[in-house]
Each structure stands twice: as C-alpha cells, then as structure tokens.
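Chains as they are written, first to last, in our numbering: chain A, 1156 to 1237; chain L, 871 to 1049.
No lab work stands behind these hints, which were simulated from the structure alone. Among the hints, erroneous ones may be present.
[What the hints assert, rightly or not] Partial list, computed: chain A residues near chain L (C-beta under 7 Å):
#1 L1179
#2 E1183
#3 T1186
#4 G1187
#5 C1205
#6 G1207
#7 G1208
#8 L1209
[Said to hold, decoys possible] With a straight-line Cα cutoff of 20 Å, these simulated EDC-like cross-link-like pairs (lysine to aspartate or glutamate) come out:
#9 A/K1189 to L/E970
#10 L/K925 to A/E1206
#11 L/K924 to A/D1197
#12 L/K925 to L/D976
[Unchecked claim] Over the 12 Å line for every Cβ pair with chain L, so calculated as not near, a few chain A residues:
#13 R1178
#14 E1206
#15 H1214
Glycine included, every Cβ here is placed at the ideal spot set by N, Cα and C.
Each chain is listed here by its residues.
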Amino acid sequence: MWWFQTFRTLQKLSADNQDPLYRLYAREGSTGQKLLSSVRKDLADVIKVCEGGLKQTNHIRMLMSSLTKGENTVRVLCWEPP
Amino acid sequence: MSVSEWIPDFARRLAQLDSLSERDNLTDVDVWLGGLFFPEAYITATRQAVAHRKKWSLETLHLRLDIERVNDPNAFIIDGMPSPYTYLKLANLFVGLVLEGASWVDDQLVLNQGESVRLNPSQVRWVQADDVDPNATFVNLPVYLNNDRSDVLFTVDLPFDKSAGSLVSTRAVCLTASG
C-alpha cells in the first residue's frame, strides 16, 4: 500500500526556526511521523503474532479483536488524532 | 471511527504534510485545515505570523474569513499592501469548508432547507481595524472541526441576508472544516 511507504513528513524541518507557521508544520510533521510509527508497529506486531513469532499482549489482543469487529479500533489503540 | 475510515484519512493527512515538506516557503501554502492534527494551532500561528510581520500587537487583530474568495486585493487594507499571507485555499473536493444550513449567495449567507454546501476556496485574514461594510448585517458563526460539532476551531462574523432576521441564529447555521 502506498501509504505504507516512508513518508518524509517534514523531518528536515528544524525546531529552532522562529516562524510560527514553520513551527506549526514542523510539529504537525513530527506528530504524523510518531503516529505513523506506532500504527506500523502495531500492524507489524499483529502479523508477527499471526505467524507465531510474537506472544500476544493485551494491547495486541484488543487490537486484533477490534480490527475484526471494525468498531472503535482507533480509541482502543490510542491512534489518536484524526 | 473504524480502521477502514481512519487509515485513508490518516494517509491523506500524511500526504498533505509530505507535500508541505517539499516547500521552501511555508507561509504561503494552501492548507486542508481539517487535515491538520492541531487546526486551532494553525489559526493561532497565522495570527502570530501576521502580528510579527506587520509589527502589530496580537490583541489588536481581528479574524476575517472571506468565503469563496482568495487573494483579495483589499486584504490588509490598513497599510495598503495587498497581502494574501494567510489564505486558506481549500481547492480539493475533500478539503474545503462546508456551510451547513445556509448557502453563500452574492457574498452573504442565505438560509437554505438545512442542506450542506461545499464552499470554494476561502481565505483567512487578520486585520487591525474593523473594515466592515456598515450596511451589512453580521452573524457570528462557529467553524467546527467536523460535522459532529464538538470542537470549535474559531468563530467568524459573516454577512447574512437581512430578510432572514433572527432565523439565522435559530437555525444553527455553521461551518465545518474537515471536508
């Protein structure tokens, strides 16, 4: 899936720029990057559990359960923003 | 929100940020407001940017939202410099502002039967003095993050059709930003 490719996501924006809009977008970028990392990790963990390479944790169990039910997954996962 | 809704939404947000990261100039970009993680912070940042650039005090700034208008040559009429500094050009079908309960006709709000209207690109401006048309009648409307109306991003004064009278305040007309 295309969104699973690496996003550059404003990583090159440094935090020491004083321009308010620049700082805003830098923060947006780092938030997006962190969220993307945790979503990817969660999904990769699900795959590992399915393949038997990882033991289930409560977090993964909840994730798998809510993925199959299709309800409120985002809240369960703390995949907050959108 | 289910994962099947959340993932495409998240991907679009990342796509916006990704395209922003390729810009050299971040002060003059079209932005999908509802697609930001901190949309209120965007409004605050535009305010700070204008105050800084114009050497104006933050307290003296008033927010203007020009519906379906961008690059207004009369923007920042105070110093006579046309400046589209902080406009929101919400071009794409998915990313514009939506007007609920009214239509935008001849530069004013006209009540409709309650349906939602997708708006063309609009601009946000910060002005120092009131440059409003004294003959127009204004109503203060909330701009919500999305149509569940739980998060107010900001409120704006918009002109409305006088014949609607007080109905405009009882019809719960509002704008939403999520597209």
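Results for each hint:
no., hint, verdict
1, L1179, "holds (4 Å)"
2, E1183, "holds (6 Å)"
3, T1186, "holds (5 Å)"
4, G1187, "holds (5 Å)"
5, C1205, "violated (16 Å)"
6, G1207, "violated (23 Å)"
7, G1208, "violated (22 Å)"
8, L1209, "violated (20 Å)"
9, A/K1189 to L/E970, "violated (34 Å)"
10, L/K925 to A/E1206, "violated (61 Å)"
11, L/K924 to A/D1197, "violated (46 Å)"
12, L/K925 to L/D976, "violated (34 Å)"
13, R1178, "violated (7 Å)"
14, E1206, "holds (20 Å)"
15, H1214, "holds (15 Å)"
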